[in-house]
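Novice: Sequence:
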Amino acid sequence: MKTAKTAAIALCLLAGIMPATANTSGKKIAFSNNYAGNSWRQAMLKSYGLVGKKAVADHVVAAADVFTTPDRAVPTQAAQVQNLILQGYDAIIINAASPTALNGAVKQACDAGITVVSFDGVVTAPCAYRVVIDYKALGAQEIEQMAKLHPEGGNLLEIRGLAGTSIDASPERVTSVGGSAAGVTSVGSSAAGVTSVGSSAAGVTSVGGSSPRSGGSGTPPP
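Following the numbering used here, the numbering of the sequence shown begins with 10 at its first residue and continues without gaps.
Treat the hints loosely; a few may be bogus.
Claimed, not checked - With a straight-line cut-off of 27 angstroms between C-alpha atoms, the simulated DSS-like cross-links for lysine-lysine are:
1. K62 x K36
2. K37 x K62
3. K63 x K37
These are computed hints drawn from the structure, not numbers from a lab.
Go ahead and model the full structure; you've got the sequences and the hints to work with.
Specialist: In structure tokens, the structure reads:
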């Protein structure tokens, strides 16, 4: 899944923003992840793990450890970030449970001299770097690709992931392919007659089972 590679991109970005004249072989990077219960997150962790292990093997960094919280609660991840500060990590990559509620913990990390990079579930703390996805472009690419696969036209069911997360509720995400998490809408005239019927994860059971002409599914991050 292409978008699952954003974790690896965040790691590469982190290596790039460390001081160019510094030797980073002794630096430790931690990845704070707030959820691992679906296929996208599993792919994300695998992608990050492959890049992280290579970075350690090549002596680019000393460690690229992954920490996933046992639940999606903001206080749990805030405590995790605070523990990572105490453990002496030089940088933290974070897939945040909230764009704002973790800003306090993120600022603590920044104040301790730790570089923070957020992605997917980004934070709004000014001191943190943010890796974002252009969901409008992604939505257009999804429809264009399905139009190539199904030139006869059809319906596209977009599997949005976890309903209610900050990334799913963002304006860019809601309009990515013309559907909203709250229900099913049409984008009207779209590439080669392929119409999007955007749906949230909660609607997949009812929509997916009764849509024999469904052109396919996209699986953006939650």
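Novice: Are the hints correct? Go through all of them and say.
Specialist: Against the structure, the hints come out as follows:
1. K62 x K36: 14 angstroms, holds
2. K37 x K62: It holds: about 12 angstroms lies between the C-alpha atoms, which stays within 27 angstroms.
3. K63 x K37: 14 angstroms, holds
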